[in-house]
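Engineer: The primary structure of each chain is shown beneath.
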Amino acid sequence: MGKLIRHWRWDLPLSAMAVLLLLAVGVVAFADDSKAPESVVPEEMPEGYFQIITSHPAMYTQFEFTIIAEESKFSREDMQGAAQEAFAAIDRLEDLISTWRRGTQASRINSEGAQHSVGVAPTVLNLVESCVRYWRDTDKAFDITVGPLVELWRTCKMEKRLPTEEELTAARAVVGSDKLVVVPDDHSVGFATLGMRLDFGGIAKGWALDRAHQVLEEYGVSCALLDAGTSSMLAIGAPPGKPGWTVQLRHPYNKELLEEAIIRDEALSTSGYALDFFEVNGKKYGHIIDPRTGMPTQGTLYAMAIGSSGSQTEALSKGFFINGIDWAQRYCEQHPDTRGLIVPDPGPGESPKPVRINMAK
Amino acid sequence: MDVSRRNFIKAAGTTASVMVATGWSPLAYAQNEKVRLAIIGTGSQNKFHIENGIAGNPQIQVTAMSDVLRPSLVTGLKTLIPDATKDMPADQAAAIKEKQNAFYKDHCYLNYREMLDKEKDNIDAVLIATPFKTHYDIVMDCLDAGKHVFCEKTMADTYERCRNIVTKCHETGKFVQCGHQRRYSPEYIHAAKGFMDNLNPRLGRVQYIEAQWHRNGDWRRPLPKKADGTEYQLSEAEQALIGDQEAYRKLVNWRIYEEYSAGLISELATHHIEVINWMLGTPPRRVWATGGTDYWKDDRDTYDNVILVFEYDVNSRHTGFIPTSPVTGIEQIDPVKMNKPYTVRFTWTGTLQSSLKGESILMCGDKGSYILRERLDRAQRGCVFQEEPKKIWLDPETMQPTTDEKIISWIKSSGQSQKYSKLVDVDPVLFENELDPAAFDKISDVHQFEAFAKHIKEGGVPRTNQMCGLMASICDIAAHEASLSKQVVEIDPAIYKFDFETPDPFLLV
Numbered sequence: 017m018g019k020l021i022r023h024w025r026w027d028l029p030l031s032a033m034a035v036l037l038l039l040a041v042g043v044v045a046f047a048d049d050s051k052a053p054e055s056v057v058p059e060e061m062p063e064g065y066f067q068i069i070t071s072h073p074a075m076y077t078q079f080e081f082t083i084i085a086e087e088s089k090f091s092r093e094d095m096q097g098a099a100q101e102a103f104a105a106i107d108r109l110e111d112l113i114s115t116w117r118r119g120t121q122a123s124r125i126n127s128e129g130a131q132h133s134v135g136v137a138p139t140v141l142n143l144v145e146s147c148v149r150y151w152r153d154t155d156k157a158f159d160i161t162v163g164p165l166v167e168l169w170r171t172c173k174m175e176k177r178l179p180t181e182e183e184l185t186a187a188r189a190v191v192g193s194d195k196l197v198v199v200p201d202d203h204s205v206g207f208a209t210l211g212m213r214l215d216f217g218g219i220a221k222g223w224a225l226d227r228a229h230q231v232l233e234e235y236g237v238s239c240a241l242l243d244a245g246t247s248s249m250l251a252i253g254a255p256p257g258k259p260g261w262t263v264q265l266r267h268p269y270n271k272e273l274l275e276e277a278i279i280r281d282e283a284l285s286t287s288g289y290a291l292d293f294f295e296v297n298g299k300k301y302g303h304i305i306d307p308r309t310g311m312p313t314q315g316t317l318y319a320m321a322i323g324s325s326g327s328q329t330e331a332l333s334k335g336f337f338i339n340g341i342d343w344a345q346r347y348c349e350q351h352p353d354t355r356g357l358i359v360p361d362p363g364p365g366e367s368p369k370p371v372r373i374n375m376a377k
Numbered sequence: 019m020d021v022s023r024r025n026f027i028k029a030a031g032t033t034a035s036v037m038v039a040t041g042w043s044p045l046a047y048a049q050n051e052k053v054r055l056a057i058i059g060t061g062s063q064n065k066f067h068i069e070n071g072i073a074g075n076p077q078i079q080v081t082a083m084s085d086v087l088r089p090s091l092v093t094g095l096k097t098l099i100p101d102a103t104k105d106m107p108a109d110q111a112a113a114i115k116e117k118q119n120a121f122y123k124d125h126c127y128l129n130y131r132e133m134l135d136k137e138k139d140n141i142d143a144v145l146i147a148t149p150f151k152t153h154y155d156i157v158m159d160c161l162d163a164g165k166h167v168f169c170e171k172t173m174a175d176t177y178e179r180c181r182n183i184v185t186k187c188h189e190t191g192k193f194v195q196c197g198h199q200r201r202y203s204p205e206y207i208h209a210a211k212g213f214m215d216n217l218n219p220r221l222g223r224v225q226y227i228e229a230q231w232h233r234n235g236d237w238r239r240p241l242p243k244k245a246d247g248t249e250y251q252l253s254e255a256e257q258a259l260i261g262d263q264e265a266y267r268k269l270v271n272w273r274i275y276e277e278y279s280a281g282l283i284s285e286l287a288t289h290h291i292e293v294i295n296w297m298l299g300t301p302p303r304r305v306w307a308t309g310g311t312d313y314w315k316d317d318r319d320t321y322d323n324v325i326l327v328f329e330y331d332v333n334s335r336h337t338g339f340i341p342t343s344p345v346t347g348i349e350q351i352d353p354v355k356m357n358k359p360y361t362v363r364f365t366w367t368g369t370l371q372s373s374l375k376g377e378s379i380l381m382c383g384d385k386g387s388y389i390l391r392e393r394l395d396r397a398q399r400g401c402v403f404q405e406e407p408k409k410i411w412l413d414p415e416t417m418q419p420t421t422d423e424k425i426i427s428w429i430k431s432s433g434q435s436q437k438y439s440k441l442v443d444v445d446p447v448l449f450e451n452e453l454d455p456a457a458f459d460k461i462s463d464v465h466q467f468e469a470f471a472k473h474i475k476e477g478g479v480p481r482t483n484q485m486c487g488l489m490a491s492i493c494d495i496a497a498h499e500a501s502l503s504k505q506v507v508e509i510d511p512a513i514y515k516f517d518f519e520t521p522d523p524f525l526l527v
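These protein sequence lines map, in sequence, to chains A and B.
Residues in the first sequence are numbered consecutively from 17, following my numbering.
Residues in the second sequence are numbered consecutively from 19, following my numbering.
Be a bit skeptical, because a hint or two may be false.
Ranges of calculated distance between the beta carbons of each label pair, as one might list FRET restraints [as the list claims (entries may be wrong)]:
1. Gly211/A to Gly261/B: 39 to 47 angstroms
2. Arg170/A to Gln263/B: 34 to 42 angstroms
3. Val296/A to Glu423/B: 48 to 56 angstroms
4. Thr209/A to Asn451/B: 45 to 53 angstroms
5. Ala376/A to Thr311/B: 39 to 47 angstroms
6. Arg346/A to Glu116/B: 41 to 49 angstroms
7. Ser372/B to Gln314/A: 50 to 58 angstroms
8. Gly433/B to Gly211/A: 56 to 64 angstroms
Here are some chain B residues the structure puts well away from chain A; computed CB gaps all over 12 angstroms [as the list claims (entries may be wrong)]:
9. Pro76
10. Val92
11. Lys96
12. His188
13. Gly247
14. Tyr250
15. Trp272
16. Thr308
17. Pro341
18. Met356
19. Lys460
20. Thr520
Rather than coming from a laboratory, the hints here were simulated on the basis of the structure.
Here a beta-carbon is modelled for each residue, glycine too, at the ideal position from N, C-alpha and C.
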């Protein structure tokens with residue numbers, strides 16, 4: 017299979033937390049600009065199987081599906097058709113939840129939500145409710161309303177300064193998923209106060225993978241790796257004769273192999289700081305904001321979470337990143353279907369050491 | 019025509035006159051009472067409606083569903099009540115499952131007639147998005163059941179059937195709203211208002227219109243399959259409604275088979291034809307068409323490329339070219355020529371083997387032209403291009419553009435206009451910048467179902483009422499006939515006449 021190179025973009029409009037991937041993974045040759053996890057797919061298909069790799073641009077990234085099927089049961093056209101249907105479902109989802117396009121339901125909530133609730137699709141309601149659940153599950157670390165704080169820190173970064181106490185207080189007053197007004201019976205979502213924003217950038221790609229998974233199942237797909245290009249992957253079944261899909265996570269600085277995660281009917285998401293912190297008075301600040309304090313999260317370089325759905329792992333990787341190792345260990349103990357890996361910030365001069373949680377090795 | 023046209027629009031403002039026209043008066047709906055809606059056909063179009071115009075509409079509640087295909091019915095149900103996410107706590111997941119099962123067991127039907135019968139006291143209106151040629155029977159049954167109808171375009175497939183629907187609406191006092199959603203699109207309404215303005219300085223006289231819908235693809239949907247690669251096998255109940263497996267395969271891809279559809283004409287052209295009818299305020303007098311199945315040589319029996327040419331006889335609103343006497347320099351106005359009706363020609367092309375031009379309408383005026391598109395990229399959905407470049411004045415000292423009145427009047431009086439001015443191309447004016455953001459941000463699907471609920475609760479008829487649907491359908495049927503015969507088909511205006519009062523097909527708002 018060909019080498020997959022993904023370009024990370026700083027200015028992702030969908031990215032709520034400016035979450036950056038640090039885990040760079042390569043199978044064939046490693047390229048410096050490749051920062052996303054990469055999968056290891058069998059290059060030679062066993063007798064009787066074929067594989068298609070197909071991609072589609074959406075949500076400011078490139079979705080890439082690798083689908084394996086049995087020659088005796090499916091044709092290549094069957095699998096291409098299934099992938100096209102799944103891509104179309106992702107596009108329809110983006111038409112509903114993009115916050116940078118005008119006219120989507122999410123954009124309408126952002127512009128009108130404080131005046132009156134906005135009617136949304138059942139799937140968008142479901143997404144919002146799930147996000148509120150993840151917000152509770154992660155002790156309020158994952159928050160789709162964190163936008164005003166992210167915006168404040170982005171401004172400060174450009175002006176090379178720290179936010180003032182007043183600015184932080186003002187931004188924190190309009191952040192918090194408890195200030196979302198959700199009325200399930202009316203399929204409506206609104207804001208309790210003016211100035212709020214919601215942004216699905218931290219979960220949209222995972223949600224899209226879950227949606228794609230459902231569609232692919234309708235077309236008989238039972239073995240596939242769905243890659244949302246920048247931060248999330250979802251594995252359906254396992255390649256023939258293998259225990260699961262292998263995903264390699266490489267260290268971004270020395271390109272050393274950190275982990276070979278094997279996932280089967282599971283999703284994997286990563287969150288992390290890339291190299292460009294910004295410094296004020298000798299102190300480094302990253303981009304992932306802890307919505308509870310309003311400050312950039314310290315002490316973690318990156319986090320990876322594995323769980324049963326793409327939306328869950330997207331939220332969980334942020335939860336792991338912001339809440340740290342102890343919290344992640346406790347969470348995984350209580351939720352045996354989850355596991356992960358965290359690389360704490362070792363401080364100057366030290367080399368980062370990954371901490372595995374529930375992972376095999 | 020002009021005068022009567024403007025009266026039409028005026029009449030639309032007074033609900034009373036419209037209510038008389040349909041014989042329909044509203045039920046007593048409480049303010050917060052929802053319109054109970056049954057859905058027939060849970061394919062991709064109705065799923066789109068559920069997600070956009072319906073579920074989020076506080077005035078509408080879906081109370082029943084039907085589809086001849088069980089898998090489609092199930093995915094329709096899951097669009098209304100989405101599955102639990104895989105990581106959801108067991109009790110919540112079970113609650114969702116239970117809700118889905120209860121709705122499926124009590125309110126989902128393969129046979130819409132059974133639904134109309136069993137749910138008759140549980141529904142006020144019906145939404146139909148089934149294959150084109152199945153519309154008629156379903157619409158008539160729903161009207162007979164005393165329900166208001168929202169029917170996807172194209173309304174019906176023969177002249178007689180179209181007229182029967184209009185008559186049935188008159189008899190039952192119910193309306194049929196057709197899914198010509200562009201009539202609810204803020205950009206199109208903005209364009210129409212400008213167009214209908216008698217002395218619209220932006221367009222001048224529009225004499226030529228072109229529109230197209232070009233795609234590159236076979237227009238097929240894959241058949242759902244099980245994990246073992248086998249295709250879905252119809253149950254006996256489904257066979258009774260659909261037929262054998264072969265019929266099922268055709269049904270999934272109904273757009274490309276004559277049995278269900280008129281192909282590109284009934285599925286795509288109809289949207290544009292309806293908009294042009296509306297803007298010109300009259301249906302076309304004749305249509306010539308051609309087409310063929312030249313690229314996708316599979317078992318389809320509809321054309322994969324068509325060209326339609328419509329002629330509209332329009333009374334003079336704009337004078338057109340008036341010659342000036344070379345001797346006196348005075349316009350030679352000839353009242354006979356000026357008041358002569360003129361012909362607006364509208365060409366439509368559709369193809370399934372090239373997508374560059376995509377979907378758009380171009381209305382060519384002698385002063386400027388509209389481009390109208392239907393896509394989510396809002397900034398480019400509607401704009402007007404000026405025909406003439408704009409003259410700008412240059413400051414004689416700096417040779418930079420100036421708007422200073424003093425300098426401009428000096429240039430004009432100095433006789434050096436040529437030297438100190440230049441012509442620049444004018445950027446297109448985006449309709450987005452001229453519209454109310456709140457209305458603009460709602461997609462037309464939201465607007466059209468708001469109108470649907472409003473007219474059911476408050477009376478009156480929607481813009482895309484049965485007469486609008488009839489007019490577009492008749493154009494489609496004529497165009498389809500023309501494309502098969504490769505002959506000109508004349509459309510007799512008598513086909514739009516009824517011996518009772520019918521709703522106005524050209525309502526602006």
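Engineer: Hint by hint, note whether the structure agrees.
Structural biologist: Going through the hints against the structure:
1. Gly211/A to Gly261/B: 39 to 47 angstroms: Violated, at about 58 angstroms.
2. Arg170/A to Gln263/B: 34 to 42 angstroms: violated, 57 angstroms
3. Val296/A to Glu423/B: 48 to 56 angstroms: holds, 52 angstroms
4. Thr209/A to Asn451/B: 45 to 53 angstroms: violated, 30 angstroms
5. Ala376/A to Thr311/B: 39 to 47 angstroms: violated, 57 angstroms
6. Arg346/A to Glu116/B: 41 to 49 angstroms: Violated, at about 32 angstroms.
7. Ser372/B to Gln314/A: 50 to 58 angstroms: holds, 55 angstroms
8. Gly433/B to Gly211/A: 56 to 64 angstroms: holds, 59 angstroms
9. Pro76: violated, 5 angstroms
10. Val92: violated, 9 angstroms
11. Lys96: Violated: least Cβ distance 8 angstroms, not greater than 12 angstroms.
12. His188: holds, 33 angstroms
13. Gly247: violated, 3 angstroms
14. Tyr250: Not fine: 10 angstroms to the nearest Cβ puts tyrosine 250/B too close to chain A.
15. Trp272: holds, 17 angstroms
16. Thr308: holds, 31 angstroms
17. Pro341: Check passes; 47 angstroms lies beyond 12 angstroms.
18. Met356: holds, 43 angstroms
19. Lys460: For lysine 460/B, whose nearest Cβ neighbour in chain A is about 7 angstroms away, the distance does not exceed 12 angstroms, so it is violated.
20. Thr520: It holds; threonine 520/B is separated from chain A by about 33 angstroms at its closest Cβ, greater than 12 angstroms.
Hints 1, 2, 4, 5, 6, 9, 10, 11, 13, 14 and 19, counting from the list given before, are not met by this structure.
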